[in-house]
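Student: So you can see what is in the structure, the chains are spelled out below.
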Amino acid sequence: MWQLFQLEVYKIFRRPRTYIAFAVIAFIILLIQIGLKFGGKEYVGIVMSGLNETFEAPTDQVLNGYFVCYLTLNLLLIHIPILVALIAGDMISGEASMGTLRLIVAKPVSRTKLLLIKFSASCFYTLILLIWVAIFALLLSVMLFGTNDLLVAKVSGSNIISSADVLWRYFAAFIFAGIGLITVAALSFMFSAFADNSIGPIVATVCVIIVFTILTQMQIPFYDETVKPYLFTTHMLGWKGFFYVKGVEGVTIDGSIENFPAIVKSGLILLVYSALFVFVAIWYFRKKNILS
Amino acid sequence: MTPVIEVKHLFRHFGDIKAVDDLSFTVFPGQVYGFLGQNGAGKSTTIRMLLTLIQQGSGSIEIFGMDLKKHRSEILRQTGAMIERPDLYKYLTAKDNLRIFATLSGIKITATEIKEQLERVGLADRADSKVKTFSQGMKQRLGIAVALVHDPKLVILDEPTNGLDPQGIADMRKLIIHLRRDLGKTVFVSSHLLNEIELIADSVLIINKGKKVAEGNKDALLNPAKTMVELITDNAGNAYALLKQSSWAENLVNHQNDIITLELDKSRVPELNRSLVEKGINVRSLRPKHSLEDYFLSLTGH
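The listed protein sequences derive, respectively, from chains A and B.
Mapping of the first sequence onto my numbering: residues 1 to 292, in sequence order.
Mapping of the second sequence onto my numbering: residues 1 to 302, in sequence order.
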């Protein structure tokens, strides 16, 4: 099992297309960092002028590595799923279009095992991609902008998290984002089991993410209780919860989380969705006639 | 002797289309078993059922004396296959491809073994080349190496000469003979190229529209007691009329394009010639149809 997993990972990382995602992420994050390096003070000024509260922190202290990372994740975590779909959507259908699926299915490995190994390899790729994001968005931002307290703006009010209380939150947020991206990988993987070419599953995943994200972000009351709670894209935003801190009279409490049960609930919902998508993929693939 | 493959009353429908229709056959150890049929006759569907790529319809498939449904893994561990085109991982090297398929077959393969496998198919010097740089013939040979990487007892080859040039076809033929003669493998090879099967197979199964139309030893199929004879004369109309009125009438099969076809015992061919000459008919050609192709075409009605 371990050897087969290693082979799947080897196959993923020997394909040039795998590195497109890594290059795109590095490029976008560098663009954000360059923009903020040269025009960050103006940007922070605009952000702060939009807030109702007044902060004692000067603009140049607000613009630090943690703030840049938070901003980058807000911009990026909506789009990374598309890059995950590029690989996860190709895991089975890509083999079918290459003609190798019939060779691997004719080997003495059960179809269930084969799919579980392939899904595990997709998850591994997803997590490596996330580590790449962490390196560029957090590590490089801290190197370029230094560290300081983190200003987090939200609808209900903003708060400042002390610099000593930030890093673990990023660690937790990245783990949560990993769970969210694995759900996307599972969705894409499920589509891949149905198709015999790579384009279909990738496009289908992207379409689902676009539609669901639009629904998630729409401020229409009718959808708030009827649709949004059931969309996995709603729960993928749960990572932000680690940056919403409890406070007493405007002073934030270190180590606190405003609504931890909501984060746990979202995480569990994402895991259930992932399991469901993988189950459907296996159920279908076990009966599938390999005609490619 | 336990058969390597024993298929009994196998059916497979796709909607209303009968892809395989009550097919039964037996393959014994050490045979090169030719599986003949035109495109769409049901060969690939049968092979895909043997390899569990397509769900089996009704009927039974036993390989190495075991039921395929119950002992899939054990059977596939001893079976190697090349199915239609030799599609491999084009972005990987020949060496990588062999390593991947060896692992999938449940074996660990050393660098020396990989080299030996590639040497067998004449690709040792291209071990580190990516498959996308290979010619069709080289891909076909690598496909064979992949099929043999775990030293299977049974080798299933589906149209192995497709897309090959004459030299490639000759090489493939030698390789199949080598597999049987020197390595003792049982080879189940499908083709629509009858002359290829004629040159390599011991036994032949011919299918048409999913149904078996003939099975047996190749020589027996090629040399039946009765044979088809093609007769060409300088006046086909007269000759046909005379034969129809004579004792040869019962042997007449058809009369098309100035060629008269008769079915008769081979020993009576000289007698037929004498009889025609005595009746004043000039015989230009009197040719027994004896190739597998002729036999195949006569069976499938083409």
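These are computed hints drawn from the structure, not numbers from a lab.
This one's a predicted model, so the numbers in the text were calculated from it and none came from an experiment.
Hints may be right or wrong, so weigh each one.
EDC-like mimics (lysine to aspartate or glutamate), calculated; alpha carbons at most 20 Å apart, straight line [claimed, not checked]:
id, chain 1, residue 1, chain 2, residue 2
1, A, Lys113, B, Asp182
2, A, Lys265, A, Glu225
3, B, Lys90, A, Asp149
Okay, the calculated bits of chain B under chain A, using three or more residues with CB under 8 Å as the criterion [claimed, not checked]:
id, stretch
4, 49-63
5, 91-104
Built from N, CA and C at the ideal position, the CB exists for glycine as well.
Student: Which of the stated hints cannot be reconciled with the structure, identified by number in ascending sequence?
Tutor: Hints 1, 3 are the ones this structure does not satisfy, whereas the remaining hints hold.
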